[in-house]
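Engineer: Sequence:
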Amino acid sequence: MKQLKIYTITGTVFVLVLGTLSHFFYQWSNQNFFAGLFFPINESTWEHMKLLFFPMLLYSLMTAPILKKRYPCIRYSFSAGILTGTFMIPVIFYTYTGILGYHIFILDIGTFVLSVLIAFYTVYRLSRICPESECRFLFIFATLLLAAGFIVFSCFPLNLGLFSEPL
Numbered sequence: 021m022k023q024l025k026i027y028t029i030t031g032t033v034f035v036l037v038l039g040t041l042s043h044f045f046y047q048w049s050n051q052n053f054f055a056g057l058f059f060p061i062n063e064s065t066w067e068h069m070k071l072l073f074f075p076m077l078l079y080s081l082m083t084a085p086i087l088k089k090r091y092p093c094i095r096y097s098f099s100a101g102i103l104t105g106t107f108m109i110p111v112i113f114y115t116y117t118g119i120l121g122y123h124i125f126i127l128d129i130g131t132f133v134l135s136v137l138i139a140f141y142t143v144y145r146l147s148r149i150c151p152e153s154e155c156r157f158l159f160i161f162a163t164l165l166l167a168a169g170f171i172v173f174s175c176f177p178l179n180l181g182l183f184s185e186p187l
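Just add 20 to wherever you are in the sequence shown, counting from 1, and you've got my numbering.
All clues stand as given, with none of them false.
FRET-style restraints, in silico, Cβ to Cβ: (1) 21 with 81: 16 to 26 Å; (2) 126 with 37: 11 to 21 Å; (3) 149 with 171: 27 to 37 Å; (4) 177 with 50: 19 to 29 Å; (5) 175 with 44: 13 to 23 Å; (6) 179 with 26: 43 to 53 Å; (7) 169 with 37: 17 to 27 Å; (8) 78 with 51: 20 to 30 Å.
Computed cross-link-like contacts, PhoX-like style, restricted to lysine-lysine with a CA-CA straight-line distance of at most 20 Å: (9) 89 with 25; (10) 25 with 88; (11) 22 with 88; (12) 22 with 89.
Calculated from the structure, these hints are not laboratory results. The structure displayed is predicted, hence computed values, not measured ones. Using N, Cα and C, we set each Cβ at its ideal position, and we do this for glycine too.
When you get a sec, could you build the whole thing from the sequences and use the hints?
Structural biologist: See below:
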């Protein structure tokens, strides 16, 4: 269990740091098209979901092979954590902005931090209990589908509030 705790804490810090830095990667790359597929290209909620998704996906790809022997559900757990954390960003953001009527920068940062914590808590809990489910592959499939969605909808955003920059 100690190994899982260490990887969970390390992953949390990794995603917080890389996610924060990745907020600026698109600008730092002189608005490189390829960078825009993986890093936010504007201030929309959709683009900010990438701050958690891609750093956590990278961390999972680096660590799951190391942990899979001891924690057989690690790939499923990471997929569930990535999805949970990523979707917590719009849930928290739209909840607090719906209540206040506007967004506050420090609460936006708190939304990201809380979402990362929830994501890694999900990974930790599911890896420990390793629930039996015939649908585990659906989480992995949904993670891959969301990755494709980020790429497609960064190029062709829909005319919905999720893809618009907040006022």
